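Student: Residues per chain, in single letters:
There are 2 protein chains.
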Amino acid sequence: MKKFLCGVDLGGTKISTGIVDENGNIIKSIKIPTMAEKGPDVVIERIEESIYQVLKDTGLEMSNLKGIGIGSPGPLNAKKGIVISPPNLPHWSNVPIVEILSKRLGIEVRLENDANAAAIGEHLFGSGRGVDNFVYITVSTGIGGGVIIEGKLYSGENSNAAEIGHHTINFDGPRCNCGNYGCFEAYASGTAIARFAREGIEKGIKTKIKELAGEGEVKAEHVFEAAKLGDEFAKELVEKEAFYLGVGIANIMAFYNPRKIAIGGGVSAQWDMLYEKMMETVRKKALKPNAEVCEVVKAQLGENIGVLGAAALLL
Amino acid sequence: MKKFLCGVDLGGTKISTGIVDENGNIIKSIKIPTMAEKGPDVVIERIEESIYQVLKDTGLEMSNLKGIGIGSPGPLNAKKGIVISPPNLPHWSNVPIVEILSKRLGIEVRLENDANAAAIGEHLFGSGRGVDNFVYITVSTGIGGGVIIEGKLYSGENSNAAEIGHHTINFDGPRCNCGNYGCFEAYASGTAIARFAREGIEKGIKTKIKELAGEGEVKAEHVFEAAKLGDEFAKELVEKEAFYLGVGIANIMAFYNPRKIAIGGGVSAQWDMLYEKMMETVRKKALKPNAEVCEVVKAQLGENIGVLGAAALLL
Numbered sequence: 001m002k003k004f005l006c007g008v009d010l011g012g013t014k015i016s017t018g019i020v021d022e023n024g025n026i027i028k029s030i031k032i033p034t035m036a037e038k039g040p041d042v043v044i045e046r047i048e049e050s051i052y053q054v055l056k057d058t059g060l061e062m063s064n065l066k067g068i069g070i071g072s073p074g075p076l077n078a079k080k081g082i083v084i085s086p087p088n089l090p091h092w093s094n095v096p097i098v099e100i101l102s103k104r105l106g107i108e109v110r111l112e113n114d115a116n117a118a119a120i121g122e123h124l125f126g127s128g129r130g131v132d133n134f135v136y137i138t139v140s141t142g143i144g145g146g147v148i149i150e151g152k153l154y155s156g157e158n159s160n161a162a163e164i165g166h167h168t169i170n171f172d173g174p175r176c177n178c179g180n181y182g183c184f185e186a187y188a189s190g191t192a193i194a195r196f197a198r199e200g201i202e203k204g205i206k207t208k209i210k211e212l213a214g215e216g217e218v219k220a221e222h223v224f225e226a227a228k229l230g231d232e233f234a235k236e237l238v239e240k241e242a243f244y245l246g247v248g249i250a251n252i253m254a255f256y257n258p259r260k261i262a263i264g265g266g267v268s269a270q271w272d273m274l275y276e277k278m279m280e281t282v283r284k285k286a287l288k289p290n291a292e293v294c295e296v297v298k299a300q301l302g303e304n305i306g307v308l309g310a311a312a313l314l315l
Numbered sequence: 001m002k003k004f005l006c007g008v009d010l011g012g013t014k015i016s017t018g019i020v021d022e023n024g025n026i027i028k029s030i031k032i033p034t035m036a037e038k039g040p041d042v043v044i045e046r047i048e049e050s051i052y053q054v055l056k057d058t059g060l061e062m063s064n065l066k067g068i069g070i071g072s073p074g075p076l077n078a079k080k081g082i083v084i085s086p087p088n089l090p091h092w093s094n095v096p097i098v099e100i101l102s103k104r105l106g107i108e109v110r111l112e113n114d115a116n117a118a119a120i121g122e123h124l125f126g127s128g129r130g131v132d133n134f135v136y137i138t139v140s141t142g143i144g145g146g147v148i149i150e151g152k153l154y155s156g157e158n159s160n161a162a163e164i165g166h167h168t169i170n171f172d173g174p175r176c177n178c179g180n181y182g183c184f185e186a187y188a189s190g191t192a193i194a195r196f197a198r199e200g201i202e203k204g205i206k207t208k209i210k211e212l213a214g215e216g217e218v219k220a221e222h223v224f225e226a227a228k229l230g231d232e233f234a235k236e237l238v239e240k241e242a243f244y245l246g247v248g249i250a251n252i253m254a255f256y257n258p259r260k261i262a263i264g265g266g267v268s269a270q271w272d273m274l275y276e277k278m279m280e281t282v283r284k285k286a287l288k289p290n291a292e293v294c295e296v297v298k299a300q301l302g303e304n305i306g307v308l309g310a311a312a313l314l315l
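Sequence order for the protein chains is A and B. Numbering follows this note's numbering, with no gaps: position 86 of the first sequence is 86. Numbering follows this note's numbering, with no gaps: position 195 of the second sequence is 195.
Just chain A, with the same shape it has in the complex (with noise of 0.2 angstroms):
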């Protein structure tokens, strides 16, 4: 009997939850709130739920399924199959997912943190098929990445290799969350651009930012959106923004030297804005054996990458 793969991206607002085929295909896939202000007790018997109804919708059991994957925000131990302390999860303290979720459900549960999984989802099923040196990143409200050598993920001494957001691009930058000054994220996220036409209004540029943007609050979909109808500080952002992108890239290159770059998440939707000045930046700064080998591509898994990424932890 055929074999699926059920892949369980849990967030800190929602758990999306899929039937996936061996060949990187959803069968079906649900949304359900994560409800993590409740705690870790709660959360897990949300992923179980969630579990059993798409096994309900697909008419498909347990014992058609190879394993469970779930990609989880860390700090986690992938090999230990614990979830650390994230911050999006409130109350969680070293809970063995693994252990609980296997026991309950008496089949195989893989645990990987998202950005990790994902990279594994697009090298297995996405743009990374068959590329041994493969590197995925994720640009959203943060930076976070994973990086695939010759064939298999690198996760590092202790799970934190590719921490890519939290690299300096710039010592003299400004403060990043992690308390560093100057990360690729501080400059590069969906936060950042937000952050920079935040502090143009607040300076009194006149741009269509801020009627876009409303009573509420400036996000970084309001400065493309207006970079889209010419308005003049937000197309310097965007270029900006394409500009740090390239730098993070060409740092990317040097350290992994990869055949391919994959990027993700929400800001890459905007991918025809940025790859021009982007790669023009990635060709003046990276060293040029490094860059000739590289292909910078739009991750191609989009928003499913979270349940393909967590599915391909069991192959």
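Just so you know, not all the hints are guaranteed correct.
Repeated chains share a single entry, so a pair holds when one copy, or any two copies, can fit it.
[Claimed, not checked] Okay, derived cross-link-like pairs now, DSBU-like style, lysine-lysine, Cα gap no bigger than 35 angstroms in a straight line:
#	residue 1	residue 2
1	288	79
2	288	103
3	152	14
4	288	31
5	288	14
6	38	288
7	284	298
8	288	277
9	14	284
10	152	80
11	80	219
12	288	3
13	284	152
14	288	80
15	79	203
16	38	203
17	80	298
18	152	298
19	14	228
20	31	56
21	79	284
Rather than coming from a laboratory, the hints here were simulated on the basis of the structure. Quantities reported herein were computed from a predicted structural model and do not represent experimental measurements.
Since the structure of chain A is provided, determine the placement of chain B on it from the hints.
Tutor: What follows is chain B alone, placed relative to chain A:
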């Protein structure tokens, strides 16, 4: 019969060749001028001569050797055994040095770029013994590095992984030899220290550095010497050097999450003057889980690292 290793450290100015046992003890080593200006044919002959010389000096024969390892400046293609076109080996263009030497000498020959060879040497014989995730960096006129991932050299898609010297730590920084701005090497190499000193002197800063250099060019060693004599400007430069090293090391931790980072090269000779401020910077800038798991040490192999690293290529 016990097999010995022969390591050849091919440099722009000298060739160092040594016989090494399998525990990393140098039985005998010699240095001869490279005569790089005479081109590859002469240099390869000189390598051969140096090998015959150390064999004679030790009373060994070619058949006592397991093979010959060569550490060469890059760019090169290690797998194909070809030296491409190193800036300090003029007239070299895709020289198949492994094929040439293995045919002439009738023995296995291996090639690796010098920084990678040094990383392997330090991993097998020095501070990296038994450390699966290990990074070696050399800080001298330039900055190079090699990375051992799960016990194996990671060389990347085309042997250019761990080009640590050429990652940007400040995109607004000074121009680097590679053409980029604000590279780690442009801030923290010996050449950079000397450049910062000269810039200060040109601005009219009073400093002992100038006296120490005398009629000659200001070098990094004069800066460290002046700092030891209490010179304020020199002390400031040494403090900055330690800070820049700390920035680069924190970035290495973010990318590779190693268990140990060893620093070699000329600048590391000033370990005691640099260590405290360097580690203070690392603690401020690195992600905590990455910093906690990683030790930063002075490389153990010292000036023998070239020969030992080349010899280690056979293991």
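Student: State whether the alpha carbon distance between residue 288 and residue 31 is at most 35 angstroms within one copy, between copies, both, or neither.
Tutor: between (44 angstroms within a copy, 33 angstroms between copies)
Student: Taking 35 angstroms as the upper bound on the Cα-Cα distance, should residue 31 and residue 56 be classified as within, between, both, or neither?
Tutor: within (15 angstroms within a copy, 74 angstroms between copies)
Student: Go through the copies and call it for residue 288 and residue 14: within, between, both or neither, with a Cα cutoff of 35 angstroms.
Tutor: Only across copies: residue 288 and residue 14 sit 27 angstroms apart there, 42 angstroms inside one copy, limit 35 angstroms.
Student: Is it within, between, both, or neither for residue 14 and residue 228, if the alpha carbons may be no more than 35 angstroms apart?
Tutor: within (31 angstroms within a copy, 59 angstroms between copies)
Student: At most 35 angstroms between alpha carbons: which applies to residue 284 and residue 152, within, between, both or neither?
Tutor: Answer is both; intra-copy 30 angstroms and inter-copy 31 angstroms each pass.
Student: Checking an output row: residue 288 and residue 80, CA cutoff 35 angstroms. Within, between, both or neither?
Tutor: Close across copies (20 angstroms), not inside one copy (40 angstroms); limit 35 angstroms.
Student: Are the CA atoms of residue 288 and residue 277 at most 35 angstroms apart within a copy, between copies, both, or neither?
Tutor: Both: 17 angstroms inside a copy, 33 angstroms across copies.
Student: Is it within, between, both or neither when you check residue 80 against residue 298 at 35 angstroms Cα-Cα?
Tutor: both (32 angstroms within a copy, 32 angstroms between copies)
Student: Is the C-alpha distance from residue 288 to residue 79 at most 35 angstroms within one copy, between copies, in both cases, or in neither?
Tutor: This pair counts as between: shortest inter-copy Cα distance 19 angstroms, intra-copy 37 angstroms.
Student: At most 35 angstroms between C-alpha atoms: does residue 79 with residue 284 qualify within a copy, between copies, both, or neither?
Tutor: For residue 79 and residue 284, the Cα distance is within 35 angstroms only across copies (28 angstroms; inside one copy 40 angstroms).
Student: Given a CA cutoff of 35 angstroms, do residue 14 and residue 284 count as a within-copy pair, a between-copy pair, both, or neither?
Tutor: Result: close only across copies, 33 angstroms inter versus 40 angstroms intra.
Student: Treating 35 angstroms as the Cα threshold, decide for residue 38 and residue 288: within, between, both or neither.
Tutor: between (51 angstroms within a copy, 27 angstroms between copies)
Hints 11, 12, 15, 16 from the list above are not met by this structure, while the remaining hints are.
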